[in-house]
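Take the given structure of chain A and dock chain B to it, following the hints.
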Amino acid sequence: MINQYTGISPKGDLLLLQRLAGAFHGRSFLHINSTREGGGVAEILQRMIPILQSLGIDAKWEVIKGDEVFFEITKKIHNALQGNKEIITEEMWQHHFEVNKQNAAHIDLDADAVLIHDPQPGPLVEFRKTGSWIWRCHIDISNPFKDVYNALGRYALKYDAVIFSVAKFARAMNMDEFIIPPSIDPLSEKNRELTKEEINETVERLGIPLDKPIILQVSRFDRFKDPLGVIKAYRMVKKYNDCVLILAGSPATDDPEGTAMLEEVKEFAADDPDILILLLPPFSDRDINALQRIAGVVLQKSLKEGFGLTVAEAMWKGKPVIGGAVGGIPLQIAHGVTGFLVHSIEGTAFRIRQLLNTPEMAKAMGERAREFVRKNFLITRQTRDYLSVWYAMENKGKSIIEL
Amino acid sequence: MIEGFEFKQCTSILKSTGKKAGNLHKLRDMIARVSDDCIFHHTYQYFLKEHILEYTNDFAHWAGESLEERSLAEQLSSIDPYEFDNIIDLRKELLYVIDDYLEKFPEPREAMPGDEFFFNETITLVFPIGLKAKNLAEFLMAIKFVDIGSIYYHFYEARMRVGGGIDDFSKWIEESLGKKGLAEKIRAIDLFMHNIEDIRKHIEEQTEEELKGDMEVMGVGK
Numbered sequence: 001m002i003n004q005y006t007g008i009s010p011k012g013d014l015l016l017l018q019r020l021a022g023a024f025h026g027r028s029f030l031h032i033n034s035t036r037e038g039g040g041v042a043e044i045l046q047r048m049i050p051i052l053q054s055l056g057i058d059a060k061w062e063v064i065k066g067d068e069v070f071f072e073i074t075k076k077i078h079n080a081l082q083g084n085k086e087i088i089t090e091e092m093w094q095h096h097f098e099v100n101k102q103n104a105a106h107i108d109l110d111a112d113a114v115l116i117h118d119p120q121p122g123p124l125v126e127f128r129k130t131g132s133w134i135w136r137c138h139i140d141i142s143n144p145f146k147d148v149y150n151a152l153g154r155y156a157l158k159y160d161a162v163i164f165s166v167a168k169f170a171r172a173m174n175m176d177e178f179i180i181p182p183s184i185d186p187l188s189e190k191n192r193e194l195t196k197e198e199i200n201e202t203v204e205r206l207g208i209p210l211d212k213p214i215i216l217q218v219s220r221f222d223r224f225k226d227p228l229g230v231i232k233a234y235r236m237v238k239k240y241n242d243c244v245l246i247l248a249g250s251p252a253t254d255d256p257e258g259t260a261m262l263e264e265v266k267e268f269a270a271d272d273p274d275i276l277i278l279l280l281p282p283f284s285d286r287d288i289n290a291l292q293r294i295a296g297v298v299l300q301k302s303l304k305e306g307f308g309l310t311v312a313e314a315m316w317k318g319k320p321v322i323g324g325a326v327g328g329i330p331l332q333i334a335h336g337v338t339g340f341l342v343h344s345i346e347g348t349a350f351r352i353r354q355l356l357n358t359p360e361m362a363k364a365m366g367e368r369a370r371e372f373v374r375k376n377f378l379i380t381r382q383t384r385d386y387l388s389v390w391y392a393m394e395n396k397g398k399s400i401i402e403l
Numbered sequence: 001m002i003e004g005f006e007f008k009q010c011t012s013i014l015k016s017t018g019k020k021a022g023n024l025h026k027l028r029d030m031i032a033r034v035s036d037d038c039i040f041h042h043t044y045q046y047f048l049k050e051h052i053l054e055y056t057n058d059f060a061h062w063a064g065e066s067l068e069e070r071s072l073a074e075q076l077s078s079i080d081p082y083e084f085d086n087i088i089d090l091r092k093e094l095l096y097v098i099d100d101y102l103e104k105f106p107e108p109r110e111a112m113p114g115d116e117f118f119f120n121e122t123i124t125l126v127f128p129i130g131l132k133a134k135n136l137a138e139f140l141m142a143i144k145f146v147d148i149g150s151i152y153y154h155f156y157e158a159r160m161r162v163g164g165g166i167d168d169f170s171k172w173i174e175e176s177l178g179k180k181g182l183a184e185k186i187r188a189i190d191l192f193m194h195n196i197e198d199i200r201k202h203i204e205e206q207t208e209e210e211l212k213g214d215m216e217v218m219g220v221g222k
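Protein chains in written order, with the working numbering: chain A, 1 to 403; chain B, 1 to 222.
A few of these clues could be false.
[What the hints assert, rightly or not] A short list of chain B residues far from chain A (calculated; beta carbon distances all over 12 Å):
hint, residue
1, Ala32
2, Asp80
3, Lys92
4, Trp172
5, Asp190
6, Glu205
7, Gly213
8, Glu216
[To be verified] The following label-pair restraints were derived from C-beta to C-beta distances:
hint, chain 1, residue 1, chain 2, residue 2, range
9, B, Met160, A, Glu197, 50 to 56 Å
10, B, Ile166, A, Lys101, 58 to 64 Å
11, A, Ile8, B, Glu175, 25 to 31 Å
12, A, Lys266, B, Met112, 31 to 37 Å
13, B, Asp80, A, Ile8, 33 to 39 Å
14, A, Leu206, B, Gly130, 45 to 51 Å
15, B, Ala137, A, Gln4, 28 to 34 Å
16, B, Val162, A, Ala172, 33 to 39 Å
17, B, Met160, A, Asn143, 33 to 39 Å
18, A, Gln354, B, Met215, 46 to 52 Å
19, A, Lys212, B, Val162, 56 to 62 Å
20, A, Gly83, B, Glu208, 55 to 61 Å
[Claimed, not checked] Far from chain A by the CB rule (all over 12 Å, computed), these chain B residues:
hint, residue
21, Ser77
22, Leu125
23, Gly178
By construction, these hints were calculated from the structure, which means they are not laboratory data.
Since the structure is predicted, the reported quantities are computational estimates derived from the model, not experimental observations.
Glycine is no exception: its CB is placed at the ideal position from the N, C-alpha and C atoms.
Here chain A stands alone, though its shape is the one from the complex (with noise of 0.2 Å):
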């Protein structure tokens, strides 16, 4: 499996990679989370759980189960450690605590290295056997509610390490903290490489004109993702520019803000011929894919964002991508570079008219974004880091390893 990444991820990447395989080989690498499908999560273990499977190394992935109740006291944890007022009372803790309870007498905890994805199955260290157990946390906690970040400490505390996606999301802990950002697959359906006849089959399903640039932005209908600003820049763009705006997301039928939202933008956007509001059903993997490559132009212009992993996809298929400089999406524009950092709606819509004016400029921005991408944001350097990580815990103390 590992060998369908040559030619496309970094030659060095692969090489530690097939190194620390060897020095892991047979060892066993346990993963839990809390679900099997949905969400960047499970998106990536699916495909890194066999990765790491054929290069020989012992890897299981286990999902924790739980009640209503459960999920409902994790969503609150994962909320007040993003800084929301929660109120987790200590009947809802021991709750917590006795479900990881269960799920640990029937879940084989033996394994050299044992990655936890998040809080939800946090306190399943108090169940170690051996190996070596490191917290993966996926979200921001840089300004936690205290008295709930307070709590789970107790259970952070007995971790070895602790991994962020990004520095900014991490605070002091007191032991080994590690960055270590998301990725994409190049070899996924909603990366990979599509034939003409694939990305016709989108265009005309949908209904895309293309005899305009495209603008595209991929988001929720959420606030934190502007579409509302995306609007406005556009509307300043197509005073010089002609253009279509493609705003694409999947309808949030369990979320009644995301609804909201959606009609307002529908409003908003009036009855303008060129602004296309596409809502796609979840895993519509392919078509995000298609629409990527169509774009001239795609857009984060997120408010408030995790990583924002969107930007890498879009990269990754050679586009300039104009982003928020919020969350993890600084990490992967490098202003100017790789693509344009933005602050405001004008800025949105300056950058768009630069890029749509200098197709030479946008051409080889997106050029050197998908280098950038293959360097840093490819499914093969995450798990190179995983292993690097584990490789680390087992020769701590030194700042440089000779393999």
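Same frame as chain A, now just chain B:
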């Protein structure tokens, strides 16, 4: 018997210290206290990042982009870490430049929340990539082929590892191949003025030129 050049590569895993600075006073205090590894990462390892040639280390980058203290950014950018034999002296120079600036402008602005300076370190893994050049032609082939992590390891990182500010490539070319002229040309490449891909191109060009010269001397093609 010529000793071959064994290509290696390094990869760094980022570690957070959990420490951050929101203004220049705090940055100064932290630079005085953080580990040598941390200073090393924010200065020497800056060249591993994708950047336009505006700054030459993370401190200058932050002063310029986040604090918008352009003059300080220029002064910090002009610090050449390879001029110092150790981190202690480099740290002193960074502090000297910031202190001097703070004396003239004692109340610089605060960074926006989330845009503070985050102090990091790295763990570096070094590994051979299975390539050994036995002569200059093989060296040229390899230079074209290797990842930038390998160029960084031999051209930048070597200066601290080997000492004396000398990179691995020119050292081998001079000592094992006896080509002092080519070694000097490679040493003359200004490592501040190029990104790693450009460095690769320059080494390629100089090496190709040398090989052409060798072939002419041997009468190849006549």
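Verification of the hints:
1. Ala32: Given a closest Cβ separation of 18 Å, the condition holds.
2. Asp80: Label holds. Min Cβ-Cβ 23 Å, cutoff 12 Å.
3. Lys92: The claim stands: Lys92/B keeps its Cβ more than 12 Å from every Cβ of chain A (closest is about 21 Å).
4. Trp172: holds (19 Å)
5. Asp190: holds (20 Å)
6. Glu205: holds (21 Å)
7. Gly213: Gly213/B clear of chain A: closest Cβ-Cβ about 30 Å, beyond 12 Å.
8. Glu216: Glu216/B is indeed farther than 12 Å from all Cβ atoms of chain A, at 33 Å.
9. Met160/B / Glu197/A: 50 to 56 Å: Holds, at about 54 Å.
10. Ile166/B / Lys101/A: 58 to 64 Å: holds (59 Å)
11. Ile8/A / Glu175/B: 25 to 31 Å: violated (38 Å)
12. Lys266/A / Met112/B: 31 to 37 Å: holds (33 Å)
13. Asp80/B / Ile8/A: 33 to 39 Å: holds (37 Å)
14. Leu206/A / Gly130/B: 45 to 51 Å: holds (47 Å)
15. Ala137/B / Gln4/A: 28 to 34 Å: Holds, at about 33 Å.
16. Val162/B / Ala172/A: 33 to 39 Å: Cβ of Val162/B to Cβ of Ala172/A: about 35 Å, so the range 33 to 39 Å holds.
17. Met160/B / Asn143/A: 33 to 39 Å: Given a distance of about 37 Å, which is inside 33 to 39 Å, the answer is holds.
18. Gln354/A / Met215/B: 46 to 52 Å: holds (47 Å)
19. Lys212/A / Val162/B: 56 to 62 Å: holds (57 Å)
20. Gly83/A / Glu208/B: 55 to 61 Å: holds (57 Å)
21. Ser77: holds (17 Å)
22. Leu125: Contrary to the label, Leu125/B does not stay out of reach of chain A, its closest Cβ about 5 Å off (not over 12 Å).
23. Gly178: Fine: 29 Å to the nearest Cβ keeps Gly178/B off the interface.
Checked against the numbered hints listed earlier, the structure breaks hints 11, 22; every other hint is satisfied.
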